[in-house]
Every structure is written in structure tokens, then in C-alpha cells.
Amino acid sequence: MDEKNLAQVFVKIKDYKEILDIIDIIKKKTSDAKATLRRIHELKDEEDQEIGEWSKNLDDISQKVEFIDRALFEPDID
Amino acid sequence: MAKAQKSPPEEEAFYVNLRKPIELRRHILEASKMVIFSLQNYHNLLKIKEEKTKKVALLKVQVGEINLLCAKLVEFLPDYHIKMRKELEEAEEKRKKGRKKSRASDEPSGVGEIEKLESALHGIEHKLNRLS
Numbered sequence: 058m059d060e061k062n063l064a065q066v067f068v069k070i071k072d073y074k075e076i077l078d079i080i081d082i083i084k085k086k087t088s089d090a091k092a093t094l095r096r097i098h099e100l101k102d103e104e105d106q107e108i109g110e111w112s113k114n115l116d117d118i119s120q121k122v123e124f125i126d127r128a129l130f131e132p133d134i135d
Numbered sequence: 017m018a019k020a021q022k023s024p025p026e027e028e029a030f031y032v033n034l035r036k037p038i039e040l041r042r043h044i045l046e047a048s049k050m051v052i053f054s055l056q057n058y059h060n061l062l063k064i065k066e067e068k069t070k071k072v073a074l075l076k077v078q079v080g081e082i083n084l085l086c087a088k089l090v091e092f093l094p095d096y097h098i099k100m101r102k103e104l105e106e107a108e109e110k111r112k113k114g115r116k117k118s119r120a121s122d123e124p125s126g127v128g129e130i131e132k133l134e135s136a137l138h139g140i141e142h143k144l145n146r147l148s
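As you go down the protein sequences, you meet chains A and B in turn. When we follow the working numbering, the leftmost residue of the first sequence carries the number 58, and every step to the right adds one. When we follow the working numbering, the leftmost residue of the second sequence carries the number 17, and every step to the right adds one.
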């Protein structure tokens with residue numbers, strides 16, 4: 058629909074002020090929501106990092122156990 | 017270190033000579049350290065997950081508030097398109113009927129909310145189509 062062909066819309070000045078207030082609140086709430094989402098992203102990264110460290114620790118443990126196993130079951134027979 | 021178990025005095029005791037005993041001991045201690053680190057990882061992960069769950073719930077509340085404010089904003093604009101209003105009323109009636117049906121059927125929690133959101137989205141898309 059062409060904008061020019063539509064009837065003009067007027068809003069009461071009292072309502073207009075209220076609309077501006079609501080827009081201000083929406084802006085603030087959106088900013089808060091963005092900050093929360095940023096924190097969620099950070100937590101997700103921390104979670105991934107922790108899982109990565111966990112995996113590395115388990116790899117290290119299996120290497121150590123492998124060494125212990127070899128040392129115990131392949132004793133020096135000299 | 018790898019001394020055989022204490023046996024009765026009459027039996028002969030055998031011993032196994034282990035290579036690199038210091039290194040072996042070091043590896044056992046390091047493995048124990050890694051196991052403790054792994055347990056710490058578990059507790060850290062629990063803390064992170066707990067905080068993440070809280071933040072996701074908070075985000076849901078914040079988005080809900082924004083949604084309410086947007087609905088309030090729409091209310092301020094006058095209904096100048098009568099035909100459109102009629103269509104909205106019809107859509108609302110359909111939605112109410114749909115809600116009654118969904119209440120009748122046993123659905124798991126959350127499904128009703130998703131349907132409600134889909135219905136709201138459909139309504140907004142319809143309004144947008146009417147504008148263009």
C-alpha cells in the first residue's frame with residue numbers, strides 16, 4: 058500500500074508522551090537483555106573451556122596410567 | 017615399592033625390581049593430581065551451568081517484559097482500519113477456540129506456550145502483510 062494514499066494518523070499529546078516513555082523503557086530493557094545474553098555467551102565459552110580442560114586432564118591421566126602399567130608389568134629382569 | 021604381599025614365613029618371598037622407581041612414583045602422584053583437577057572441573061562446570069540456567073530464565077523474563085511493552089505501544093495507535101480490526105477479532109475468536117481445544121487435550125507443559133507464541137507471530141505477520 059502506498060503511504061501517501063493512507064489517511065493520516067494522529068496521536069493525543071498525552072499518549073504521545075507516554076509512548077516516548079515506553080520507548081525509553083523498551084530501550085533500557087533491550088540493553089539489559091543484551092547484557093544478559095552477553096553473559097550467557099561468556100558462560101557458554103567458560104563451559105567449553107572447562108570441558109576442554111577436563112578432556113586434557115583425562116588424556117594426561119590415561120598417559121600416566123599407561124606409563125605406570127608399563128613400568129609395573131615390564132619389570133627389569135636383569 | 018612393589019614388594020610382594022607379606023607371606024607366611026615358611027613360604028619363599030619373591031621381589032620384582034622396578035625400573036625408574038622415582039619416575040613411577042612421580043607419575044602416580046601426577047595422575048592423582050589430575051584426578052583432583054578433573055573433580056574440580058566437574059564442580060566448576062556445575063557452577064557455570066547453574067548460573068547459565070539463572071541467566072536464561074532472567075532473559076526470558078526480560079524478553080517477556082519487552083513483549084508486554086511493545087503490546088502496550090500498539091494499543092496507543094488508533095484503529096483506523098475497520099476491516100483490519102474485524103479480521104483481528106475473527107483471528108482472536110479462532111485463537112480462543114483453539115485454546116479451548118488445546119486445554120481439552122492432555123499436552124505436556126510448554127507446548128501450549130509455544131502454540132501461543134506461534135499464534136501471536138502469525139497475528140503479527142498478518143498485520144505486516146496488511147500494511148505492505
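These aren't lab readings, by the way, just hints derived from the structure by calculation. Bear in mind that the values here come from a model prediction, so they are computed numbers and not experimental data. Backbone N, C-alpha and C define an ideal beta-carbon position, used for all residues, glycine too. Wrong hints could be hidden among the right ones.
Computed footprint of chain B on chain A; a stretch qualifies when at least three of its residues, placed anywhere within it, have a C-beta under 8 angstroms from a C-beta of chain B [what the hints assert, rightly or not]: (1) 66-74; (2) 86-95; (3) 111-125.
### Message
Hint compliance check: list the failing hint numbers for this structure, sorted ascending.
### Response
Result: no hint breaks.
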